[in-house]
Amino acid sequence: MSVLAIDGTTYGVNLGAYTDAPGLGRRFITQLCDLWGVEDDAAERALLLGSELVTNAVLATSRLLGRHWGRFIVVRASVTASELRVEVLDHSPDMPVVQQSDADSESGRGLILVSELADEWGCRPEPARYLAHDGKAVWFALKLRQPPRPRSAEPAHEPLDPDEVTPATPVTAVRPSPRPDLATQEPEMYVPLPRRAQCKPGARPQARPAIPSRLPAPSACVASLAAREQLEDSIRRIKVEVS
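When we follow UniProt numbering, the leftmost residue of the sequence shown carries the number 1, and every step to the right adds one.
Hints listed in this document are in silico derivations from the structure and should not be mistaken for laboratory results.
It is possible that some hints are incorrect.
Here are the in silico distance ranges between beta carbons for each label pair [claimed, not checked]: (1) Ala5 <-> Thr30: 12 to 22 Å; (2) Pro147 <-> Gly16: 14 to 24 Å; (3) Glu120 <-> Gln146: 26 to 36 Å; (4) Gly16 <-> Ala81: 32 to 42 Å; (5) Pro147 <-> Thr10: 14 to 24 Å; (6) Arg149 <-> Gly66: 40 to 50 Å; (7) Gln146 <-> Arg63: 35 to 45 Å; (8) Ser82 <-> Glu44: 11 to 21 Å; (9) Asp40 <-> Gly66: 37 to 47 Å; (10) Gly66 <-> Arg145: 16 to 26 Å; (11) Pro125 <-> Val3: 17 to 27 Å.
Since this is a predicted model, take the numbers as computed values, not measurements.
Just so it is clear, CB atoms sit at the ideal spot from N, CA and C, and this is done for glycine as well.
Working from the sequences, and respecting the hints, build out all of it.
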């Protein structure tokens, strides 16, 4: 079973710069914090701040590339025994600036939350390593009061109770049905053909028996059988009445 490293190894994911990116980014950070065993307070702050950075990255990429089909952002995270670090990469070279927003404003609070809730944060130019071209990276770091306790990255399954397991039904080999013996069928349905005689050199070939030029149709055979059964039933009724 694989366990995520807690030695500063970075894990990342590419997200399309669209409206569903913040939700996908939150899911990615949640899964990492759960697998790392990060304390609840730090995990909740990372979830909130990461969502704000992803939203800002989507807006910056939209202003730069518009509806370009290949636009994307990158979310990366790492953890050590004392620190959780998250960064978001986008293709816009413009560095973010903390702006004071009004109390009634619905936007512009992302970096304010980051500056107030993160222990450290910053931004830097990002070369075209994880991006299609040069852009920037905005990051924050959270100090951990307790070291993380990582668990397996694979889903754990409880052992099955033998009493609750339904035994598998054994597979029985199905034998093919035997081919019908044509010699036992009605003469009208089948005319046996003789085997080809093995002629010796200089011997005259044996004459073949005459073969009917036309065989009765299957419907005629069925009709004759039905008529014979009807006649036998009539004879039985007559015998019962006489007796």
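These are the hints, each one checked on the structure:
{"no.": "1", "hint": "Ala5 <-> Thr30: 12 to 22 Å", "verdict": "holds, 18 Å"}
{"no.": "2", "hint": "Pro147 <-> Gly16: 14 to 24 Å", "verdict": "violated, 35 Å"}
{"no.": "3", "hint": "Glu120 <-> Gln146: 26 to 36 Å", "verdict": "violated, 19 Å"}
{"no.": "4", "hint": "Gly16 <-> Ala81: 32 to 42 Å", "verdict": "holds, 34 Å"}
{"no.": "5", "hint": "Pro147 <-> Thr10: 14 to 24 Å", "verdict": "holds, 18 Å"}
{"no.": "6", "hint": "Arg149 <-> Gly66: 40 to 50 Å", "verdict": "holds, 45 Å"}
{"no.": "7", "hint": "Gln146 <-> Arg63: 35 to 45 Å", "verdict": "holds, 40 Å"}
{"no.": "8", "hint": "Ser82 <-> Glu44: 11 to 21 Å", "verdict": "holds, 18 Å"}
{"no.": "9", "hint": "Asp40 <-> Gly66: 37 to 47 Å", "verdict": "holds, 40 Å"}
{"no.": "10", "hint": "Gly66 <-> Arg145: 16 to 26 Å", "verdict": "violated, 44 Å"}
{"no.": "11", "hint": "Pro125 <-> Val3: 17 to 27 Å", "verdict": "violated, 34 Å"}
Of the numbered hints listed earlier, those contradicted by the structure are 2, 3, 10 and 11.
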